[in-house]
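Protein chains in written order, with our numbering: chain A, 1 to 118; chain B, 1 to 138; chain C, 1 to 493; chain D, 1 to 486.
These are calculated hints, taken from the structure and not from any lab test.
Nothing here was measured: the structure is a model prediction, and the numbers come from that model.
We put the beta carbon where it would ideally sit given N, CA and C, even for glycine.
Warning: the hint list may mix true and false statements.
Unchecked claim - What follows is a set of in silico ranges between Cβ atoms, one per label pair, in the way DEER data are often shown: (1) E64/D <-> G101/B: 34 to 42 Å; (2) L376/C <-> A281/D: 27 to 35 Å; (3) I47/C <-> F17/B: 52 to 60 Å; (4) G101/B <-> S60/C: 47 to 55 Å.
Said to hold, decoys possible - From the structure, some residues in chain D lie toward chain C, with a derived Cβ separation under 10 Å: (5) I182; (6) W409; (7) A410; (8) M413.
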Amino acid sequence: MNQFGALSYAITVFLMVAGLYIVIARNNLIKTLVGLSIFQTAVYLLYIAPAKLPGGTAPVISAEFDAYSSPLPHVLILTAIVVGVATMALGLAIVVRIYEAYGTIEEDEILNRDREAR
Amino acid sequence: MSDDLILRVVTKILIPFIVLFALYVQFHGEYGPGGGFQAGVVAAAAFVLYGLVNGLDALRRVAPESVVETMVGAGVLLYIAVGLAGIVLGGHYLDYSVLGGAPVDGQHRGIFWVELGVGITVSGVMLKVFYLFAGRRA
Amino acid sequence: MTLSAHFPVLQVVVPLVSAPLAVLARRATAAYAIVMFASWIAFGLAIALTMQVRSEGVVSYPIGNWPPPWGIEYRIDALSSFVLLLVSAVAAVVLPYCRRSIEHEVPREQHYLFYSMFALCLAGLLGIAATGDAFNAFVFIEISALASYVLIALGRDRKALVASYQYLILGTIGATFFVIGIGMLYLMTGTLNLADMSERLAATSDLRPVLTAAAFITVGMSLKLALFPLHQWLPNAYTYAPSAVSAFIAATGTKVSIYVLMRFYFSVFGAGLVFELAVGEVLLVLSLAAMFIASAIAVVQSDFKKLLAYSSVAQVGYITLGLSLESVSGLTASIVHLVNHGMTKAGLFMLVGGAVLVTGGSGMDRLAGLRRTMPLTSFGIVLGGLGLIGIPGTAGFISKWQLVLAAMERQEWWLVFAIVASSLLAVAYVWRFVEVAYFREPSNPADRRREAPATMLVPAVMVIAASIYFGLDSSLTLGGAATAADFLLGTSR
Amino acid sequence: MSTDSIAVCLMLPLAAAGGIALANNRPNLREAVSLVASAALVLALLGLEPAVLAGNRPTLDLIEVMPGLVIAFEVEPLGLLFALVAAFLWFASAVYSIGYMRGNGEAHQTRFYLCFALALAATVAIAFSANAFTLLLFYEALTFVTYPLVTHHGDAEARNGGRTYLAFLLGTSVLFLLPAVIFTWHAAGTTDFRAGGILPEGMAPAAAAVLLAMYVFGIGKAALMPFHRWLPAAMVAPTPVSALLHAVAVVKAGVFSIVKIVVYLFGLDLLGGVSTHWLTATAGFTVIAASVVALGADNLKRRLAYSTVSQLAYVVLASALLTPLSIVGAALHIVSHAFGKITLFFAAGSIYTATGKTNVSQLDGIGLRMPWTMGAFAIGALSMIGLPPAAGFVSKWYMLSGAMSQAHWAAVMVIVASTLLNAAYLLPIVYRAFFRGVDADSKPHGEAPLPIVLALVITAAATLMIFFMPGVPLALAHALAFGACE
């Protein structure tokens, strides 16, 4: 494995762990979503980085080139990004509604208010 | 919303170019980098910009919410219709090659309509999201 | 080509196309008609596909005429047709129920969006079962998940929002884990077609990334199928969602995730490899924990919907337990319980939805004396509850019988007793309802007898009746499950 | 032809249930339905008797639930005997219920008669079940249809009684009976009841003993200690329920199932090689211990309940002896105890209806005011003790002969000792009733309503009849025991 590959994996793992940590450790609903987004970004990198062939070009067939990078991961990740955007939009929309309903976006506060309401 | 003259003038100048660029990305998507996803977002950006500068009500006049919502559904329908056309014309679902005389023609035609559908839906969704968030009183 | 050759793709496209149509229709009644029509067609298609699979074996459909493994392939076999049938049948029966049910729970101007999301969720779930492509499966998982987050957030209580948010976070983590696993498999094999992937994996000697991928997929899907202790999202989501949504998602959502897990275990990795990873032991322990702990938690709930939700976690434990036994009979038990429990729980949630509509809540206090006010509903809930316990004559009994038989085959006597003992906990939580509904007086003695509207009661009663029917004649369910299990283990290494 | 008659026997109680539901608001019609259906059921069953004695085994296959597992019915001597008893006593208690339910102004009478009919349907289905799977199915069904009867009063006491009832019956059947049936299926590939047993010959004796234990304790309805506590708990029910269900249908379904399983699943030959001392010991202990508890119980129904526990254990004890003679005794005891005990319960209910008294200590001199009731009670008591001229004598005779033929002296001792205990807890009641003076301050009262007395007389007379003319039951019991051992 070349250095580039190792580096990309290292970054992938870093982002993955960092994102997941944020999701778990943060109480703020928005920050959790940020963590989730970082976590998802790691996946994009996981797919995209290995598709890059050293010296490869975009896969437009031409006599000048003989090495092409794989286009498939890009397509997949384009889809994944769309899914990610949709998730984020929905997540934020729900957070807005939660804020309207509870007046806070701190998870423990929300739980407290539910408990008080009971 | 904003009475700043510079902003108004700059947006007025920018918007046509943004839309034009969106159309370029949309229809050149077959030959180079681009396509419906990107074009849809770019086009929506033009409207969002208009809305930010001139206010939501002005934007609602330009792009009524009902139209936007129709776009969301219509784009997907267009996509699926192309797919079903493949079946109707004797091929498989989303089989473009049966859409035209020669397979290559059909593939051009198919991807054109599919990407158009994607573009319409994406810009519709983007605008809808904008409306939903911007329309709320904090 | 005849139209019937296109059934695999139409199965997904028909509900899918009804979603934008419902948006365009804008009027609640029109949207309702469109989506219901589509779901009934989908049910018809599922029946046709099941027959096709039975007579011809695996049905494959190349999208866009790109032959597999290059293009996306839809692949219907014994197992997927079974799941298609379950999902589409539940949708077809829940939709008529929706109309009156959501009138009380969702603002009228949002109804068309509700139906659109319902159609999208249905299309996603059907797509998961129909596709033979790993990434496509991920996309469908997300489609159905996003739609279900929206549907859950529509619940009346503000807690529905929090429940939906939690589900969104955990569901997305689950799906992302899943897609990481797929990414690794893709890097190893260079293909996304499941059948092709399986062949190429067989030729792979470097097992480490493959095992890592298996671990990621297992964890990701376990989150989605609410395997104990990854079930935290489920109870609130089921409790605060609109009744129709609870019924639909409880019957299908987790079940389809289990399908994905089975698909990857047996059609991609192969049983040998997966169980080398001690997946069986882990699943066994967690399933038992689910069966006992979740049931015990269910017993002390004060909200009946939440009680049912915890019972779902426990019942998922039975399904994964069958999976962990790594035998044909264990897998048969799993698959048949998939259907039996889906059916029973759907009926229960539908009946409770009717009670919520009439009494105004699903708290145990609200349900007090339900026998007086809603005799049919409460009797239906009791019958459904007997199904959860696994009393002979109900569908749940068939599953339990198979599961115990599978445990006996492995000579694991303690497991036999664990299974039957855990069903006693089910007696405890079902009997909480019985005592509340039959021994307590209605909180408002002036309440007159008033059942839920017929459009809600009839579908619910039909589902409960079906769960009794399949307890007495299991040739369809058990027969289908046995075929699917044979097929899965026969084709895997 | 005979297939049809099985269907008729099964459908009659069900049809009665339907008719009762339809006749919801017309009490006379409702009760007429019960009476007619029960009488018709007795006749239908009697019609089957000659064919069965001639060696025919009419069968009826209903539904194939799982491959190889069919809900099927087959009439064999023991089942017919049991069904006959249940049907006859259904008739008697239908008569009795009319007096009792009206006399005490009970609520929800339609539900009561409905569940009663359903319970009978389940009982007949148990009696006719052709395999252990069918037996299990209707065994559980019986538990559930009798639950509303046990908790009829709907108050906290009824609810608690119902909890105990379900916990024991469902607990044992789910924990032990279900795995036992599945294991039988697993080991033998079938659960059919066949003469001589179906378990494979090579089965390890230890495994067979464990399986037998699972069956015996899994059938909680047989109330073998330590799973007997549901029976006294179920006494919160109205007396006709206690009478029919907890003296006849439910508990007898339990011991009937045990006898059937011993004879037709294991086979006496197979069990001959298996240690059953633990079973005879448990049964013997139950016989004695329950009698001792009964001795100390002041509440009449409670005393009778523990007496039932003790008497049921006789049946288990007799079948554990594994000789044809004791099997005959077991089958006969199902019959004789049913008639005797229902008479006693009817009398208890009669006293309650006429006077509101529930305790033994309140019964001084009551025999003079209620001669019919207490006379019948005395006959029932004789039968329990096993004295001639009551039915209990016949069954005890066979059981003792069985025990002696095996030279099983411990069992003989148990039977003799318990006979003394039976006398000790039943005869004082009779003595009090007839030979003690009436409390001066008690309100004057007469006999119970006519239907109650009528029912009492019928069952008491039947108890005597069986002693003098034991033809039908004896023939059927012989057909069972000796047919199974050929």
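Exercise for review: Find the hints from earlier in the document that the structure breaks and name them by number, from lowest to highest.
Suggested key: Checked against the structure, the hints that fail are numbers 1, 2, 4, 6, 7 and 8, while the rest are satisfied.
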